[in-house]
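Participant: Respectively, the protein sequence lines represent chains A and B.
Sequential numbering of the first sequence, starting at 110, is according to the numbering used here.
Sequential numbering of the second sequence, starting at 110, is according to the numbering used here.
Quick caveat, the hints were computed from the structure, so don't treat them as lab data.
Errors might be hidden in some of the hints.
One copy or any two copies: either way a pair holds, since identical chains are not told apart in the list.
[Claimed, not checked] Only pairs whose alpha carbons sit at most 20 angstroms apart, straight line, appear in this in silico EDC-like list of lysine to aspartate or glutamate:
#: 1; residue 1: K245; residue 2: E186
#: 2; residue 1: K213; residue 2: E201
#: 3; residue 1: K125; residue 2: E189
#: 4; residue 1: K125; residue 2: E198
#: 5; residue 1: K240; residue 2: E281
#: 6; residue 1: K240; residue 2: D286
#: 7; residue 1: K265; residue 2: E189
#: 8; residue 1: K301; residue 2: E270
#: 9; residue 1: K129; residue 2: D171
#: 10; residue 1: K129; residue 2: D286
#: 11; residue 1: K265; residue 2: D179
#: 12; residue 1: K145; residue 2: E266
These are the residues of each chain, in order.
Number of protein chains: 2
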Amino acid sequence: MMEKEVMDKRHLRSIKTRQKLLEAAKEVFLEEGFQKATISQMIKKAEVGYGTAYVHFEGKEDILIVLMEDVMGKFYEIAEISFYPKSKEEAENIIHKQAYSFLKMAETERRMLQIFEQAIGISSAVSEKWKSIREKFIQRISKDISYAQENGLARKELNHELVARGWFFTNEMYLWDIVRNERQESVEEIAKTITAVYTRGLYL
Amino acid sequence: MMEKEVMDKRHLRSIKTRQKLLEAAKEVFLEEGFQKATISQMIKKAEVGYGTAYVHFEGKEDILIVLMEDVMGKFYEIAEISFYPKSKEEAENIIHKQAYSFLKMAETERRMLQIFEQAIGISSAVSEKWKSIREKFIQRISKDISYAQENGLARKELNHELVARGWFFTNEMYLWDIVRNERQESVEEIAKTITAVYTRGLYL
Numbered sequence: 110m111m112e113k114e115v116m117d118k119r120h121l122r123s124i125k126t127r128q129k130l131l132e133a134a135k136e137v138f139l140e141e142g143f144q145k146a147t148i149s150q151m152i153k154k155a156e157v158g159y160g161t162a163y164v165h166f167e168g169k170e171d172i173l174i175v176l177m178e179d180v181m182g183k184f185y186e187i188a189e190i191s192f193y194p195k196s197k198e199e200a201e202n203i204i205h206k207q208a209y210s211f212l213k214m215a216e217t218e219r220r221m222l223q224i225f226e227q228a229i230g231i232s233s234a235v236s237e238k239w240k241s242i243r244e245k246f247i248q249r250i251s252k253d254i255s256y257a258q259e260n261g262l263a264r265k266e267l268n269h270e271l272v273a274r275g276w277f278f279t280n281e282m283y284l285w286d287i288v289r290n291e292r293q294e295s296v297e298e299i300a301k302t303i304t305a306v307y308t309r310g311l312y313l
Numbered sequence: 110m111m112e113k114e115v116m117d118k119r120h121l122r123s124i125k126t127r128q129k130l131l132e133a134a135k136e137v138f139l140e141e142g143f144q145k146a147t148i149s150q151m152i153k154k155a156e157v158g159y160g161t162a163y164v165h166f167e168g169k170e171d172i173l174i175v176l177m178e179d180v181m182g183k184f185y186e187i188a189e190i191s192f193y194p195k196s197k198e199e200a201e202n203i204i205h206k207q208a209y210s211f212l213k214m215a216e217t218e219r220r221m222l223q224i225f226e227q228a229i230g231i232s233s234a235v236s237e238k239w240k241s242i243r244e245k246f247i248q249r250i251s252k253d254i255s256y257a258q259e260n261g262l263a264r265k266e267l268n269h270e271l272v273a274r275g276w277f278f279t280n281e282m283y284l285w286d287i288v289r290n291e292r293q294e295s296v297e298e299i300a301k302t303i304t305a306v307y308t309r310g311l312y313l
């Protein structure tokens, strides 16, 4: 009983330390950019011990990957919106909502996504992580297309994985465009336009 | 008369030197990769003088950008295939041919495109050049969509530039996938699939 309480307290402290480090890391990344940021700055800002910090993370890449999972987790929830459309119109509504929320988050999380983009270009660990996030999205979209094909809503003759990949590419590249402030058009118009072409191209 | 001949000879020699340098540079890039390649290696391989070499190029980025223009010029010829379709079917045929040739060149020029990808990730001059090549393609596609819209073949309610951008993104990302040997599907199947979704989505 006594021992368990000690363990719980330790575990709780450990979770708090990790959380403090992640928050400090986020601030340092945003202030310094990925390349200049150092783990020492993060440890100092989080006010935790060096040894303790390294129990949680091996280096800044490691920390960034966790921050990436956090942000992309929110994006992924969008892709997970339940997809059992009964008609072409219903499918189009859901897909439009997904594309819009995905691209809108590029605006909301712009600054962190800018850091991710820098890191993807420099670190192969981060770049691999991004690729695995991308594959997760593509597999999810692929499943949705299969569902629509099996239910007579979408064109059966198309390779669903290739279609899913092409659709995700369009969304991803627009995401980076928006992150870099390179688009004048509103997120609403972009989402509407790409969804219109995609759903009419795929659905019956 | 005499003077003109001297000038012509000089000019000819200058063109040959430039050509020798470009060929040597290509070999060095392919052997060493972008990061490791040095302009000294290129000058040595081309057997030209140092001073002469620097008359033509300021550095290896500069040389790579010219090589990029050469390769992408071939790609761009594809986009320039005359586009005056009289029907949806004709448009689909032309667009399929364009997508296929674009992606097929990723196979033919794979090794040089691998060098370009490395360089885009490292050098901001090369990355800017890539962006300007991309914009040229998008403007060209955008023009084709306008033509189809004006001639009652494509959906007028869609913003042609946003559609063009989305379509190019799909093609570009597949290009890099093929360059990295990351696709099992044939270029033929990829081109067929993405064209089928795109043309049905856009054309009436």
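Participant: Could you check the structure against the hints above and give me the numbers of any it violates, in ascending order?
Facilitator: Result: hints 3, 4, 7, 10, 11 and 12 break, sorted rising.
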